[in-house]
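Novice: Those protein sequence lines, which keep their order, are chains E, F and A. 479 is the number that my numbering gives to position 38 of the first sequence; each next residue is one higher, with no gaps. 468 is the number that my numbering gives to position 27 of the second sequence; each next residue is one higher, with no gaps. 536 is the number that my numbering gives to position 95 of the third sequence; each next residue is one higher, with no gaps.
Take these hints with a grain of salt, some might be off.
[As the list claims (entries may be wrong)] In silico DSSO-like pairs for lysine-lysine, Cα to Cα no more than 30 Å straight-line:
| id | chain 1 | residue 1 | chain 2 | residue 2 |
| --- | --- | --- | --- | --- |
| 1 | F | K471 | E | K471 |
| 2 | F | K471 | A | K471 |
| 3 | A | K471 | E | K471 |
[What the hints assert, rightly or not] The following label-pair restraints were derived from C-beta to C-beta distances:
| id | chain 1 | residue 1 | chain 2 | residue 2 | range |
| --- | --- | --- | --- | --- | --- |
| 4 | A | G614 | E | T506 | 22 to 28 Å |
| 5 | A | V642 | F | V448 | 15 to 21 Å |
| 6 | A | G614 | F | S617 | 31 to 37 Å |
Simulated from the structure, these hints should not be mistaken for lab results. In this text, a Cβ means the ideal position worked out from N, Cα and C, and glycines have one as well.
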Amino acid sequence: MISIDIVLLWLDLIGVFFFAVSGCLLAARKQFDFVGSILIGSIVALGGGVIRDIILNAAPPVAFTNPAYLAPPLLAALLVYYLFSSVQRFTSLLTLFDAGGLALFCITGTLKALTAGMNPVTCILLGVTTAVGGGLLRDITANEIPTLFNNRDIYALPAFVGAGLTTLLWHLGLFSGLTACLIAAVVFAFRVTAWRRGWYVPLAVRGWHRQGANPGVRD
Amino acid sequence: MISIDIVLLWLDLIGVFFFAVSGCLLAARKQFDFVGSILIGSIVALGGGVIRDIILNAAPPVAFTNPAYLAPPLLAALLVYYLFSSVQRFTSLLTLFDAGGLALFCITGTLKALTAGMNPVTCILLGVTTAVGGGLLRDITANEIPTLFNNRDIYALPAFVGAGLTTLLWHLGLFSGLTACLIAAVVFAFRVTAWRRGWYVPLAVRGWHRQGANPGVRD
Amino acid sequence: MISIDIVLLWLDLIGVFFFAVSGCLLAARKQFDFVGSILIGSIVALGGGVIRDIILNAAPPVAFTNPAYLAPPLLAALLVYYLFSSVQRFTSLLTLFDAGGLALFCITGTLKALTAGMNPVTCILLGVTTAVGGGLLRDITANEIPTLFNNRDIYALPAFVGAGLTTLLWHLGLFSGLTACLIAAVVFAFRVTAWRRGWYVPLAVRGWHRQGANPGVRD
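Bound conformation, chain E alone (with noise of 0.2 Å):
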């Protein structure tokens, strides 16, 4: 039988795969240039992973002593330079690629810290920072309304979902890599559905409808 850190690592480098595909595509809508699709590539990819390292205090982030880890974003960019030009659906593919790495992050980050002995609630907020960690040095990087505060977009949510599924399953002894694979299918298809579907949540504040202009404020 495989053995669960086996499953993970492959995971883990399925997501870094996923956000870094995510990152060059940016960098074409961006205009920036090859080795800058490399560089976001690698943010978006490596970025939410290294904040949890640090914040485990762990040893040096993984991303940096395992060179494992770079093959993904070198690969991401070389596909989006060959084949981009033929695809043309900027906008959903990185929203289907996102979504694929923010489905295994939230999964392998929460992992990371129930393996280092954290409380419930710390691995779940821990896993949620590693799923959105690098979307969110994406679109700052790149200068853009981070996708994780967009009004349009329910984007933590999911991300919260499967931390928490994979903290309980845990817990219940019940986790492994086919249940792994079950819930990153939940989150991905509840974040893909929510976005295809245009599902929100309330504005911050209550009888605030959303527009492009700025209601009610008068100060």
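Using the hints provided, position chains F and A relative to the given structure of chain E.
Specialist: Below, chains F and A without anything else, positioned relative to chain E:
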């Protein structure tokens, strides 16, 4: 008599709440949704302390390990959601709550470094970093020019005064819950008076004057 | 003979000063005030090293514990304050000072990782992170598109060359104060020549061309 640890925990939690309100108010103005309001409130409220704990190389930051720190951002988001539409004086409120957080965090941040045995200069720097870090993260993530650099605000100087006074009184053996509240009052009054009266410091280049457009740059 | 530690401390402090000047010049262009100039100078100058020390999981970053690191940002802010109005060649000066910081930090950052016993790949990554981290923070906090991603600048490649040469010479036993200065000269010349001559690398997508507007995106 109440232990100083209890006083400090409460000052820290109140500071967290103040900064969280400032974040949720910015979320309201930026038309973020309710989840975005909780998230940016948490980032502002907990970010300065997380940076401080990471720099001190302490165990995982207290914001991740002590669930009590999650209550203030949730409370702040709920208050803004239910009460804000009837209040409306956006900028003033944000500045006042932000000043409250600044006044408390420059004390608690400095103290954490003092109790960790750092030298006075390190303690002052870390106090200021804690105090201004959350607001800086708030402005960066919301894609605004940070208040910290704005030429119409005196923001860092009150934090330096607070961190300096805390370090001085600590080494003189005069630091207590009472003097902590006095320092906070001084910092809050300095920040708010400077804002109300339009005090300012000279620009970064001698002889340049405050204006919207960019003067002497011809390059 | 002068110890290599002394050479490195001085190279590091000179790099800190160069980056601080670049930050203060940006503060001038952005119409920040004098305190904002000191702060953004400090963030640029010390940010890369703080990130490096946090990733290496060293004790508190040297910028917080060694007060000598505070002198260069103060000096830089004063120089810009008194001298800049008569100089005016803003962008050229900023780029030259930034290139000087880049050239020195890719060496000192790599060396700190080498002396901590990291593997060669980690050392190169950390050297590049140290070198580009401060400038990235400068551009993010000033709400600009980072130079690092700009399609008209070659910025990360010289840092990679410098970090790679440092790692190579170190393992060959040829690293010394003299070869350090030679590497810095190579990196500086590469960065400045690329900028002067308008060298560039391909865009993130094959077949797209540099332009203001955004070409083939139809999504």
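Novice: Indicate, hint by hint, whether the structure satisfies it.
Specialist: Each hint, compared with the structure:
{"no.": "1", "hint": "K471(F) x K471(E)", "result": "holds (23 Å)"}
{"no.": "2", "hint": "K471(F) x K471(A)", "result": "holds (23 Å)"}
{"no.": "3", "hint": "K471(A) x K471(E)", "result": "holds (23 Å)"}
{"no.": "4", "hint": "G614(A) x T506(E): 22 to 28 Å", "result": "holds (24 Å)"}
{"no.": "5", "hint": "V642(A) x V448(F): 15 to 21 Å", "result": "violated (57 Å)"}
{"no.": "6", "hint": "G614(A) x S617(F): 31 to 37 Å", "result": "violated (58 Å)"}
Of the numbered hints given earlier, the model fails hints 5, 6; all others are met.
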